[in-house]
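K.L.:
Given next are the chains, with one letter for each unit.
Number of protein chains: 2
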Amino acid sequence: MISRRVVIVGGVAGGASCAARLRRLDENAEIYVFERGGFVSFANCGLPYYIGGVISPRERLLVASPERFRDYFNVEVRVNHEVTRIDRENRLVEVRNRQTGARFTRPYDALVLAPGAKPIVPDVPGVDLPGVFTLRLLEDAERIYRWLQDRHVTRAVVVGAGYIGLEMVENLANRNITVTVVEAAPQILPGFDPEMVVPIYDKLAAHDVRLLLGHPLQAIEADGSQLLVTAGGEKIDCGAVILSVGVRPDVTLAQEAGLEIGPLGGIRVNEHMQTSDPTIWAVGDAVEVKDLVTGQPTWVPLAGPASRQARVAADNICGRPSRFPGALGTAFVRVFGVDIAKTGLTEKAAQRAGIPYQKSFTHSASHATYYPGAKPMTIKLLFDPRDGRVLGAQAVGSEGVDKRIDVIAAMIQKGGTVYDLEEAELCYAPQVGSARDPVNIAGFVAGNILRGDVAPAHWDELDRFPEERRPFILDVRTPGEFAAGALPGAVNIPLGELRGRLHELPRDREIWVHCAGGQRSYYGVRILNQKGFRARNLSGGYSIYRAYRRGTPKSNG
Amino acid sequence: MISRRVVIVGGVAGGASCAARLRRLDENAEIYVFERGGFVSFANCGLPYYIGGVISPRERLLVASPERFRDYFNVEVRVNHEVTRIDRENRLVEVRNRQTGARFTRPYDALVLAPGAKPIVPDVPGVDLPGVFTLRLLEDAERIYRWLQDRHVTRAVVVGAGYIGLEMVENLANRNITVTVVEAAPQILPGFDPEMVVPIYDKLAAHDVRLLLGHPLQAIEADGSQLLVTAGGEKIDCGAVILSVGVRPDVTLAQEAGLEIGPLGGIRVNEHMQTSDPTIWAVGDAVEVKDLVTGQPTWVPLAGPASRQARVAADNICGRPSRFPGALGTAFVRVFGVDIAKTGLTEKAAQRAGIPYQKSFTHSASHATYYPGAKPMTIKLLFDPRDGRVLGAQAVGSEGVDKRIDVIAAMIQKGGTVYDLEEAELCYAPQVGSARDPVNIAGFVAGNILRGDVAPAHWDELDRFPEERRPFILDVRTPGEFAAGALPGAVNIPLGELRGRLHELPRDREIWVHCAGGQRSYYGVRILNQKGFRARNLSGGYSIYRAYRRGTPKSNG
Ligand SMILES: Cc1cc2nc3c(=O)[nH]c(=O)nc-3n(C[C@H](O)[C@H](O)[C@H](O)COP(=O)(O)OP(=O)(O)OC[C@H]3O[C@@H](n4cnc5c(N)ncnc54)[C@H](O)[C@@H]3O)c2cc1C
Ligand SMILES: Cc1cc2nc3c(=O)[nH]c(=O)nc-3n(C[C@H](O)[C@H](O)[C@H](O)COP(=O)(O)OP(=O)(O)OC[C@H]3O[C@@H](n4cnc5c(N)ncnc54)[C@H](O)[C@@H]3O)c2cc1C
Ligand SMILES: CC(C)(COP(=O)(O)OP(=O)(O)OC[C@H]1O[C@@H](n2cnc3c(N)ncnc32)[C@H](O)[C@@H]1OP(=O)(O)O)[C@@H](O)C(=O)NCCC(=O)NCCS
Ligand SMILES: CC(C)(COP(=O)(O)OP(=O)(O)OC[C@H]1O[C@@H](n2cnc3c(N)ncnc32)[C@H](O)[C@@H]1OP(=O)(O)O)[C@@H](O)C(=O)NCCC(=O)NCCS
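Chains A and B are the protein sequences, given in the same order.
Heads up, the first sequence is in numbering that gives the first Met the number 0, so the first residue is 0 and it goes up one at a time.
Heads up, the second sequence is in numbering that gives the first Met the number 0, so the first residue is 0 and it goes up one at a time.
Don't take each hint at face value.
Claimed, not checked - Computed cross-link-like contacts, EDC-like style, restricted to lysine to aspartate or glutamate with a CA-CA straight-line distance of at most 20 Å: (1) 413(A) to 383(B); (2) 234(B) to 207(B); (3) 413(B) to 383(A).
Keep in mind the hints are simulated off the structure, nothing from the lab.
Based on the sequences and whatever the hints tell you, model everything.
P.N.:
Spelled out as structure tokens, the structure:
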């Protein structure tokens, strides 16, 4: 009667999704889900907002209860049960009931590992003191919530300015807690390029968040009821510390069972989410997958890929050869109203992977500027200089950022080029777009570069010129804009006067033209090039110049 | 010195964009733009919101002034100048200065027609009375604005419930004007399928808008300072009438010049936007293009295509063989906070084109439901039953609708299938998405249909069964939901009890299963099919049943 016995380790994004899909595909399978923690199917991604009081009551975080698993899916869910060992030879798992201590084994025909990732705990003194937390499980969130509440914490330190760290910053601030952020990298959100995260610095400052960038956590000490955090030579006094320096794949079980581990430390799987043991599948934060852009191994510990991988694993267990083709690393985070998102490669990632790229910066309004409420947005596009294939995009703004990254993600998924972005036919009504959507504009600008209509220059190249060979810098903004702040040595000829003042420009030197955002300077470059000058357009304009300058602040206290 | 002489007829979306691009490509071209109206480069799409007071002052509607055209683009712009004739043999246009009456000719090497479209005026008595308006030009908006203001209009009739009509309804309501809508079609927004527009009916009712559907305008009479509108046998008394029954391509000049006109009444062009005269290009609302999905001629009078066609025309005039590959008809409108959007084919369009399709309805939240503020959204997907190619999508909701349609538009553009939608890797943070984005869910559901995992049934098929051969209707919602309203004759077995009550179901009849939205019934169908029943899932659930019932109300007064 039982078609197959499936055991699933872990009952949240990957495990729960796999169980549900398995049942739909096979009414006769026996399905066990063992979850070490006290909850299955909870919203990890909501935990910071639960702590901040945005999500309440706690029950809202429980997406599907064990009862629902029983009633709808006829799945045996065991919370507080840890799988402690895999016996591959006999196809058994050993399980420990964490409440009773009882141990038992359970046989499987197919085993699914969805154990997720473990928060990294820095190896410095004091990380195990009371009041020092990591955040992964609902229980962690509960503990933090109660600590903040019971101790009336007014000052906290967040160690690590990745997306979970920054979400915690915002939510602590929501509780009127003053926050200091300690981050070893020279920037926040190290998964993004440094110039793209700059708009967030102002927001953090506006919310009285102190940033200590480029300083690893050195130690935590107890000081009466308070904690003293040492970083960058200072001691910061606070009532709670959140460690959010990243996660690593939880491969303990897999490793002990001798399953292959990939170069990035995750369980190695094929496109069917099968491990090196064909009766064992693995999904989610614990596995490495293929990077859709580079074809290389990548590790994308995010919920969307986890849940889709789970579906693929279930399919394959039931004999359907579906595939998980790879991941783009599409990601989004909102910090104090600034939205930042990415898909595909960042510039850092392209450099790491040794992939040739060209880049462009564009600034667009989230919707038609004549309609109230349009918000500025900056898009950085990376593309293949040979054929225009889109390699990656990052966008930052406060409206419509996720939309543009999603469209570009779809394009990358389908092998799209910057020419496809030019042609994209997207929604346009004044409340949500423009006749030329920001995605089109990004495509135009990149296409113009590739067609040779405008040679781009980049601000980061400027620094690499020896002083005497520096290009001539032409600023085509208005005198007012120029007066309010300009590049040292730049010459100002407003675009509208350019045709009449060509004689002021050198013919023997390269001219790098800029304006505020790159558009007027592009118009200028087109004029100059056709009049026999050698001109380049400084991509993204003065605003990207400033972002580069501010992109790697040493400390922002 | 002059490389080529270009004359452009029309100076708004198509004409102005073409002029700007031409100048960037060719600094030595002579470029004339003749615009019959008083303004170039204005935001037609903002006019309703100017009338409603949302956009103010009027100057915000002027995207680029003639001065900007001179200073930035060195383009000769002539407003209030009408091109009255094309002399193809001598490559001349005849121009009339509408202010002085002076006439002159202007030679061209390349001529661009961007005359746009003309509002259709129904052929009934009274349409030329004072107080009866169409809306196309800034001057029209001005006239309406002043009329409403000066006469203190409190009641208005909008004839035609297309997107401009409904935008006018909202904006008149913003001015506390009570509106009656007269529409000849049996639904509002005839460009959408009738069941998709249903959420807007409630909003219109909530704003005291009266709807007369299925009734063409019959006559308008003056009655003292008021107007009497006759439709559906009633006389509606009001202070102003807006005629928004659609537009048609303005092909007067083209036709008189003997240029080829296409089957839909627009100027015929090739992929380079070239008319049947190789020295004449045409773009925008005046032309027909290729439908990207059907390959047939289509007419998409929207600003995005116009502006991209203009760019292609400019390219080709300058010897670059760029192409406008075709249009999807991506469109969006917001009415009283309900967003509705489409891309590709609607069901009506697929039927008209004789294209085989399958369809699915899904309901998703705009973002993770555990995070506050998530809004429901319904997506209707049309796909090729043979290979899963996405043919079209419509979505309605109040948040994130444009995003999902844009992603699907990108997919269609790239020839994507429902399997690609399953795999889409989109932004997920609780504020903007879900681990399974609505786009993924739409893909899953369509994919499941195509893989044969669930046979869909559609509510509109149900009516086609003779009473005695009707399928068995199984409602798997909760007893509470069932009690609150159910299908006549449906049997209620909640999903959670289904496995234990299979004996209550017939094995000799097809069972059509439904729930509220289609998800629980899908789970139910999977159980039933594996237990030897013949079951189908009623796509979209009870909510789509109700939408079908309400989709074609005869009158909604
Ligand atoms: C605070 C926070 C915010 C996040 N925000 C986002 C976001 O906005 N967007 C996004 O895409 N992703 C976000 N994520 C990441 C997302 O939650 C994960 O990518 C996703 O949950 C991974 O799914 P998984 O099934 O691999 O692991 P998990 O969901 O972590 O589930 C693994 C489960 O396995 C259990 N387990 C481990 N070992 C054993 C064992 N031996 N026996 C039994 N049980 C075991 C663990 O207790 C755990 O509950 C966030 C994560 C956190 C912690
Ligand atoms: C109220 C309203 C709301 C709209 N909302 C949206 C929206 O939300 N989204 C969207 O995508 N589209 C919208 N549109 C449609 C969009 O404005 C058009 O698709 C777009 O403007 C078409 O561009 P075009 O250049 O072809 O025509 P137009 O922009 O109309 O320009 C044509 C110009 O040519 C001039 N002209 C015509 N004949 C001659 C002649 N013989 N000599 C000289 N000049 C001539 C006309 O005066 C006119 O100004 C809206 C239109 C209106 C009227
Ligand atoms: C909820 C959870 C148990 C998955 O359950 P699930 O039954 O797969 O349900 P989902 O809500 O994802 O719905 C998807 C299924 O319903 C189907 N479906 C959804 N709407 C439908 C509709 N209108 N008609 C028909 N089918 C529909 C889909 O096709 C899919 O089934 P499939 O995989 O067999 O194709 C699991 O994702 C989970 O535990 N999530 C919470 C934890 C988590 O994700 N944490 C990290 C992020 S915070
Ligand atoms: C504004 C208008 C004159 C077009 O002018 P335009 O100079 O083409 O300007 P846009 O703002 O569209 O910008 C696009 C151009 O700037 C370039 N550009 C934009 N941002 C840039 C940046 N950061 N760096 C470099 N180039 C940039 C684009 O590449 C494109 O140039 P290209 O076509 O040569 O590739 C015309 O669209 C118009 O009149 N619009 C208003 C009327 C209208 O559209 N009505 C209907 C809708 S309401």
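K.L.:
Hint by hint, note whether the structure agrees.
P.N.:
Structure-based check of all given hints:
1. 413(A) to 383(B): At roughly 18 Å apart (the allowed maximum being 20 Å), residue 383(B) and residue 413(A) satisfy the hint.
2. 234(B) to 207(B): Measuring from Cα to Cα gives roughly 18 Å; hence the hint holds.
3. 413(B) to 383(A): The given pair, whose Cα atoms are some 18 Å apart, holds under the 20 Å limit.
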